[in-house]
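K.L.:
Start from chain X and add chain C according to the hints.
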Amino acid sequence: MTAKLALYFSYPFVRYALIVGVLIALCSSLLGVTLVLKRFSFIGDGLSHVAFGAMAIASVLNLTDSMVLVLPFTVVAAVLLLRVGQNAKIKGDAVIAMVSVGALAIGYLLMNIFSTSANISGDVCSTLFGSTSILTLSLFEVRLCVALSVVVVLVFVVFYNKIFAVTFDESFAMAVGTPVNRYNLMIAVIIAVIIVLAMNLVGSLLISALVIFPALSAMRVFKSFLSVTVCSAVLSVVCSVAGLLVSILAGTPVGSTIVAADILAFFLFAAAGKAAGRQ
Amino acid sequence: MAELTCRDLVLGYDGEVLVKDLSFQVNKGDYLCIVGSNGSGKSTLMRTILHLQAPMSGTVEYGDGLRPNEIGYLPQQTLVQRDFPASVREIVLSGCQARCGLRPFYNREEKQLAEESMERLGISSFADRCYRELSGGQQQRVLLARALCATRRLLLLDEPVTGLDPKVTAEMYQLIRKLNREGISVIMISHDVHAAAKYASHILHIGRDMFFGPVELYRQSKAGKRYLNLEAEDDADREAGIPEAGDLADREAGIPEAGDLAGAEAEETGPADGTGEGGEKRP
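Which chain is which? The protein sequence lines are X and C, in order.
Going by our numbering, the first sequence opens with residue 10, and the numbers climb by one from there.
Going by our numbering, the second sequence opens with residue 2, and the numbers climb by one from there.
Isolated chain X (complex conformation) (with noise of 0.2 Å):
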């Protein structure tokens, strides 16, 4: 087994690929505590739909880098769900599914109607999923990937503490004068640049599932914001290299690999919450 994995290693895009997958798990559990904390938890899976969206339209458009129009696209659809859900006449959940099943059903349709490739289920599947698309990275993307990566985890430190009050208790914040909507505008870009970057790794389906299980895992357990953020990241990035050399060895797809690693983990770690609970 070491040896397929030391021959597979030698190739430079599972190198890629575990580098980016590594990020991206980083990146993506950072923010799941706050996301999970302020009943945000559906936002992620709107954005990825909008993602999804904007994907199809850049693939229509014969796009060779999707990222261009993804990212600025999916950034603006962030922008406008958290200023919906404050003031609201739908509330913040329904506009969230409306956004995220309209998004979805849009861009298959146009995937549908000007279609390029002969495959259209196929291209529609790994996007949806993931699939294979993180074995094919170029290096360009693998580049952009990780700026974007250092990016989102510096401005995730510098702010940590603004982030905690803000999910603490978003009218005291308000009270001594914190800019709290200027910071959940903040989140929510962040939040946007994420899930375009774990568009590769698991598709756009299962983001959400990369977001939250391992701050929902580290929550059973754990019992300050920081021993919870510290283990959400480093709970998501062993169950991501854990689901990717998995997925490589016994050739599962990888998305659906990495999310089955983070349910087990939440199970286990659910467990040990109620066995330290009961002592």
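To be clear, the hints were calculated from the coordinates, so they are not data collected in a lab.
Being a predicted model, the structure only gives us computed values, none of them experimental.
Think of the CB as a built atom: it goes at the ideal place given N, C-alpha and C, for glycine as much as any other residue.
It is possible that part of the hints are untrue.
Computed cross-link-like contacts, DSS-like style, restricted to lysine-lysine with a CA-CA straight-line distance of at most 30 Å [claimed, not checked]:
#1 C:Lys112 / X:Lys47
#2 C:Lys112 / C:Lys179
#3 X:Lys232 / C:Lys223
#4 C:Lys21 / C:Lys223
#5 X:Lys232 / C:Lys21
#6 X:Lys283 / X:Lys47
#7 C:Lys199 / C:Lys29
#8 C:Lys179 / C:Lys168
#9 C:Lys21 / C:Lys226
Chain C is faced by these chain X residues, among others (derived, beta-carbon under 8 Å) [said to hold, decoys possible]:
#10 Lys47
#11 Glu150
#12 Asn170
#13 Phe173
#14 Ala182
#15 Met183
#16 Gly186
#17 Phe231
#18 Ser233
#19 Phe234
#20 Leu235
#21 Val237
#22 Leu273
P.N.:
Leaving out everything else, chain C in the frame of chain X:
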């Protein structure tokens, strides 16, 4: 000069006026209770004082060198907070966020301040415990410690005893009074008129009958009499097991009679205060 002066405030939202001609001030060391029925505009007033909402007309001014972000606010607890995975220390420290400004991390001075606040409220022993595992009263103390990190002068408390059992409620009131005696001005929104009349130095009653002034005058005022009596009667009825509908009718009929009850109630607060002192000395 007063720490907080509100002049001719008109409050409301979406063009609908809730409160008119509201003027009051808070001087250093005051303990002001804002009472009034649901929907009378208490929360709107609080948001206005915090500059989270603009008044429809009138002014809110801080004086005596108090800056708007130097108010220690204790909001009502949200659902999110009940199961929040954060340690007590992390939460108290977040009270320093205004001092911290754009600087990414808290400095030693701010960490020291957080420790002192926890010491002051007697929660140092569970600084590393998880917030969601604490009892309701302990959680309120944590949030109060956080508010203390944000201010040295003025605390603004939004129904701080909601959902607490009577014993813990009494402790909470003692604690607030202790802080007030240490020189921090307190503005508190409250449902509980009796506790307000017992602990506060000033009362602001908003709603049908407006009142602002020292608590002694409130007891004799129209608003004060009506309110204190209603509640006393309510309590009496509840104890006697009289159903709600009858309750209402009684109230309409028996207003003058209830006036005497209010007097008794006011006298009663004396000895009750005394026992309160005893509670305060407990560690």
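K.L.:
Work down the list of hints and note, for each, if the structure agrees.
P.N.:
Results for each hint:
1. Between Lys112 (chain C) and Lys47 (chain X) the alpha-carbon distance is near 26 Å, which keeps this suggested pair within the 30 Å criterion.
2. Using a Cα cut-off of 30 Å, the hinted pair Lys112 (chain C) and Lys179 (chain C) holds, with the two alpha carbons roughly 23 Å apart.
3. Taking the CA atoms of Lys232 (chain X) and Lys223 (chain C), the gap is about 51 Å. The hint is violated against a cut of 30 Å.
4. A distance of roughly 18 Å separates the Cα atoms of Lys21 (chain C) and Lys223 (chain C); the hinted pair therefore holds under the 30 Å criterion.
5. At most 30 Å may separate the alpha-carbon atoms for a hinted pair to count; Lys232 (chain X) and Lys21 (chain C) exceed this at roughly 47 Å.
6. Proposed proximity of Lys283 (chain X) and Lys47 (chain X) is supported: the alpha carbons are some 24 Å apart, at most 30 Å.
7. Between the alpha carbons of Lys199 (chain C) and Lys29 (chain C) the distance comes to roughly 19 Å, so the proposed pair stays at or under 30 Å and holds.
8. Taken as a hint, the Lys179 (chain C) and Lys168 (chain C) pair is honoured in the structure, with Cα atoms around 17 Å apart against an allowance of 30 Å.
9. About 22 Å separates the Cα atoms of Lys21 (chain C) and Lys226 (chain C), which keeps this hinted pair within 30 Å; it holds.
10. At a threshold of 8 Å, the smallest CB-CB gap from Lys47 (chain X) to chain C is about 7 Å, leaving the interface hint in force.
11. The interface hint given for Glu150 (chain X) is broken, as the beta carbon of that residue sits about 30 Å from the closest beta carbon of chain C, more than 8 Å.
12. Residue-level restraint check for Asn170 (chain X) holds (minimum Cβ-Cβ distance to chain C is 6 Å; threshold 8 Å).
13. With a least beta-carbon distance of about 6 Å to chain C, the hint placing Phe173 (chain X) at the interface is held under the 8 Å criterion.
14. Because the closest C-beta pair between Ala182 (chain X) and chain C is about 7 Å apart, less than 8 Å, the hint holds.
15. Using the Cβ-Cβ criterion of 8 Å, the hint placing Met183 (chain X) at the interface with chain C is satisfied: the shortest such distance is roughly 6 Å.
16. Hint status for Gly186 (chain X) relative to chain C: holds, with the closest Cβ pair at about 4 Å, below 8 Å.
17. The restraint placing Phe231 (chain X) at the interface with chain C holds, with a minimum CB-CB distance near 6 Å, inside the 8 Å limit.
18. At a threshold of 8 Å, the smallest CB-CB gap from Ser233 (chain X) to chain C is about 4 Å, leaving the interface hint in force.
19. The interface hint given for Phe234 (chain X) holds, since its Cβ lies 4 Å from the closest Cβ of chain C, which is under the 8 Å cut-off.
20. The beta carbon of Leu235 (chain X) comes within 7 Å of a beta carbon in chain C, closer than 8 Å, and the hint placing it at the interface holds.
21. Interface restraint check for Val237 (chain X): the shortest CB-CB distance to chain C comes to about 5 Å, inside 8 Å, so the restraint holds.
22. Given the 8 Å rule on beta carbons, the hint for Leu273 (chain X) is violated: about 21 Å separates it from the nearest Cβ of chain C.
Comparing the model with each earlier hint shows violations of hints 3, 5, 11 and 22; every other hint is respected.
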